[in-house]
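So the chains spell out like this:
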Amino acid sequence: DSDDIVTPVFQNSPKAVSEKMCIEIVSLAFYPEAEVMSDENIKQVYVEYRFYDVPLSETETPVSLRKPRPGEEIHFHFSKVIDLDPLEQQGRRQFLFTMLNGQDPEKGCLKFTVVSDPMDEEKNECEEVGYAYLELWQILESGRDILEQELDIVSPEDQATPIGRLKVSLQAAAALHAIYKEMTEDLFS
Amino acid sequence: GLVPDSGAVFTFGKTKFAENIPSKFWFKSDTPICLSCGDEHSAIVTGNNKLYMFGSNNWGQLGLGSKAAVNKPTCIKALKPEKVKFAACGRTHTIISTEGGNVYATGGNNEGQLGLGDTDERDTFHLISFFTSQHKIKQLSAGSNTSAALTEDGQLFMWGDNSEGQIGLKDVTNVCVPHQVTIGKPISWISCGYYHSAFVTIVDGELYTFGESESGKLGLPSQLLTNHRIPQLVSSIPDKVIQVACGGGHTLVLTEESVYAFGLGQFGQLGLGTFIFETSEPKVLEYVKGEKIISISCGENHTAMITDTGGIYTFGDGRHGKLGLGLENFTNRFFPTPCSVFLKFMVQLVACGGCHMLVFATPQA
Ligand SMILES: [Mg+2]
Ligand SMILES: [Mg+2]
Numbered sequence: 029d030s031d032d033i034v035t036p037v038f039q040n041s042p043k044a045v046s047e048k049m050c051i052e053i054v055s056l057a058f059y060p061e062a063e064v065m066s067d068e069n070i071k072q073v074y075v076e077y078r079f080y081d082v083p084l085s086e087t088e089t090p091v092s093l094r095k096p097r098p099g100e101e102i103h104f105h106f107s108k109v110i111d112l113d114p115l116e117q118q119g120r121r122q123f124l125f126t127m128l129n130g131q132d133p134e135k136g137c138l139k140f141t142v143v144s145d146p147m148d149e150e151k152n153e154c155e156e157v158g159y160a161y162l163e164l165w166q167i168l169e170s171g172r173d174i175l176e177q178e179l180d181i182v183s184p185e186d187q188a189t190p191i192g193r194l195k196v197s198l199q200a201a202a203a204l205h206a207i208y209k210e211m212t213e214d215l216f217s
Numbered sequence: 009g010l011v012p013d014s015g016a017v018f019t020f021g022k023t024k025f026a027e028n029i030p031s032k033f034w035f036k037s038d039t040p041i042c043l044s045c046g047d048e049h050s051a052i053v054t055g056n057n058k059l060y061m062f063g064s065n066n067w068g069q070l071g072l073g074s075k076a077a078v079n080k081p082t083c084i085k086a087l088k089p090e091k092v093k094f095a096a097c098g099r100t101h102t103i104i105s106t107e108g109g110n111v112y113a114t115g116g117n118n119e120g121q122l123g124l125g126d127t128d129e130r131d132t133f134h135l136i137s138f139f140t141s142q143h144k145i146k147q148l149s150a151g152s153n154t155s156a157a158l159t160e161d162g163q164l165f166m167w168g169d170n171s172e173g174q175i176g177l178k179d180v181t182n183v184c185v186p187h188q189v190t191i192g193k194p195i196s197w198i199s200c201g202y203y204h205s206a207f208v209t210i211v212d213g214e215l216y217t218f219g220e221s222e223s224g225k226l227g228l229p230s231q232l233l234t235n236h237r238i239p240q241l242v243s244s245i246p247d248k249v250i251q252v253a254c255g256g257g258h259t260l261v262l263t264e265e266s267v268y269a270f271g272l273g274q275f276g277q278l279g280l281g282t283f284i285f286e287t288s289e290p291k292v293l294e295y296v297k298g299e300k301i302i303s304i305s306c307g308e309n310h311t312a313m314i315t316d317t318g319g320i321y322t323f324g325d326g327r328h329g330k331l332g333l334g335l336e337n338f339t340n341r342f343f344p345t346p347c348s349v350f351l352k353f354m355v356q357l358v359a360c361g362g363c364h365m366l367v368f369a370t371p372q373a
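First to last, the sequence lines map onto chains A and B.
Under our numbering, the residues of the first sequence are numbered 29 to 217, in order.
Under our numbering, the residues of the second sequence are numbered 9 to 373, in order.
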């Protein structure tokens, strides 16, 4: 009886998993004792990261959420698919390869920035309140995507003491594997 | 494909249809009159009184005589001699009613939510012998492990899980046969959430809530929460209530004047903005003031509202695209957000489930 049902034919075939990656900023929490918790100027926050030529407007959470209370988590569930087409996005693929191959540990990481968004835009400016780093190498090494991994958030002034945690997901294992293979083949050919 | 004048059912999120990519389908010579979404399955009743089911089927909730998932709406042939009128999907079960006054159930039954007198699951629709042609069914609802049937004359019957008092019985943990829930006034609307429930009275349009009391989802002040196992009046809503929709941890209320929200809103499912993630005090959705909302639906963590001009707003958990707001980039929405896909459509029906949403819409003339 399923011939009672009409389904329009799909126009565009979905992209292969090795030709894209998906980054999700899931949620964040601050530790109760962290200075950011007692700072009354910090009322709401958003999270951003930079990815090669992708406009920042597409890699920052579209909303700022109320600063989490002690023990509370705030949820963005902000996911973005980044096109890594081998023909059209060589620049992005090279950018990822450089991160995977980098000697400098900070350059081998995707850096997330937690930003305080002032309520009254005229009086205050956005202020960076913390950073979180995700090592891309671990995905290549394990061959597995990252599902809701908790990253330490450190403050800009003191990168040794965590002030909270940022939860992120990254579906990139297939793409990173393909990029690494393709670029190292180039090196030795 | 161009949608026919008779409209199409649009699918969003983890429906199992079209590999969970936002999609649509329609019937060759039939149109939907009732949509319902469970945690991972869906039901559609058509104007020709046929029942179509699809989605997850681990408990036999599709009633197809197997437990294999089904990725395309499939007609339940066993019910063809009957004229199906309403369907309600719970988390893992389904109940339906017919024009002749029969009520059938299939799927998970661990708390007696099938109303068949036992707790054995079924993978085909079984008749609930309790209901007779005297019970003219007006509405069905199903929660996590609960079921409810409301009659034209305002009698409410509920059965299944009562561990939190969500079927309004004081002392038992569950019941396997329908049981009348009454506060002495006829009832006009029922909604079963995951672990809480709510109904509206006909004459005064009063709202009553019961069941799990955490995170403000009953809309009651804390001193009333000790009595959460029996229906209690939500007295803080001043105007006449028309509809109520219960989700996983939140509750939406449509009144003659406005829309109220309370409970848990950590993903935005209350639609009250980026500063209120929980409230036990019913709050008006200021954002849609001036718009006339005619229908509301709550999934586990998201909400949809239809306007009188055929528009639709969604908000809450944006994962898997269940809000109908994009193809591959998603985010939680903390304010009611218009679905632009439906700009040239009249939205007729909406149903929100665990991680998906169905919308029936017709092209604008
Ligand atoms: Mg439901
Ligand atoms: Mg959900």
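To be clear, the hints were calculated from the coordinates, so they are not data collected in a lab.
Heads up, a few of these hints could be off.
What the hints assert, rightly or not - No farther apart than 30 Å at their CA atoms in a straight line, the calculated lysine-lysine pairs in the DSSO-like style are these:
#1 B:Lys80 / B:Lys36
#2 B:Lys22 / A:Lys195
#3 B:Lys80 / A:Lys48
#4 B:Lys24 / B:Lys144
#5 A:Lys108 / B:Lys352
#6 B:Lys352 / A:Lys43
#7 A:Lys71 / B:Lys291
#8 A:Lys195 / B:Lys85
#9 A:Lys108 / B:Lys24
#10 B:Lys22 / A:Lys48
#11 A:Lys48 / B:Lys24
#12 B:Lys248 / A:Lys43
#13 B:Lys85 / B:Lys178
#14 A:Lys209 / A:Lys135
#15 A:Lys43 / B:Lys24
#16 A:Lys108 / B:Lys85
#17 B:Lys22 / A:Lys108
#18 A:Lys43 / B:Lys146
#19 B:Lys178 / B:Lys91
#20 A:Lys71 / B:Lys297
#21 B:Lys80 / B:Lys178
What the hints assert, rightly or not - Just so you have them, the derived chain A footprint on chain B, three or more residues with Cβ under 8 Å:
#22 98–104
#23 212–225
#24 244–250
All figures in this text were calculated on a predicted structure; none of them were measured in a lab.
Yeah, the Cβ is synthetic: ideal placement off N, Cα and C, and Gly gets one too.
Next on the checklist: Does Lys48 of chain A sit within 30 Å of Lys22 of chain B, going by the straight-line distance between their CA atoms?
Outcome noted: This hinted pair holds, its Cα atoms lying about 21 Å apart.
Next on the checklist: Just to be careful, I want the Cα atoms of Lys24 of chain B and Lys144 of chain B compared with a cutoff of 30 Å; is the pair within it?
Outcome noted: violated, 34 Å
Next on the checklist: Can you confirm whether the C-alpha distance between Lys248 of chain B and Lys43 of chain A stays at or below 30 Å?
Outcome noted: Violated: Lys248 of chain B and Lys43 of chain A sit about 51 Å apart, past 30 Å.
Checklist entry - Lys85 of chain B and Lys178 of chain B: Cα distance at most 30 Å? => result violated, 40 Å
Item to check | Coverage assertion for the region 244–250 of chain B with respect to chain A, Cβ distance below 8 Å, three residues required | outcome: Answer violated; 0 residues pass the 8 Å Cβ test.
Item to check | Pairwise hint evaluation, Lys43 of chain A against Lys352 of chain B, where the allowed Cα distance is 30 Å at most | outcome: holds, 28 Å
Next on the checklist: Lys43 of chain A and Lys24 of chain B were given as a pair; does the straight-line alpha-carbon distance stay at or below 30 Å?
Outcome noted: Cα-Cα ~19 Å, so holds.
Checklist entry - Straight-line Cα separation of Lys178 of chain B and Lys91 of chain B no greater than 30 Å? => result violated, 36 Å
Next on the checklist: Checking one constraint from the list: CA of Lys80 of chain B to CA of Lys178 of chain B, max 30 Å. Satisfied?
Outcome noted: violated, 42 Å
Next on the checklist: For a C-alpha distance cap of 30 Å, please report whether Lys22 of chain B and Lys108 of chain A respect it.
Outcome noted: holds, 18 Å
Checklist entry - Taking only the CA atoms, is the gap from Lys71 of chain A to Lys291 of chain B under or equal to 30 Å? => result Roughly 22 Å separates the two Cα atoms, so the pair holds.
Checklist entry - Can the restraint linking Lys80 of chain B and Lys36 of chain B be considered satisfied, given a maximum Cα separation of 30 Å? => result Measuring from Cα to Cα gives roughly 15 Å; hence the hint holds.
Hint check: violations occur at hints 4, 8, 12, 13, 16, 18, 19, 21, 22, 23, 24; the rest are consistent with the structure.
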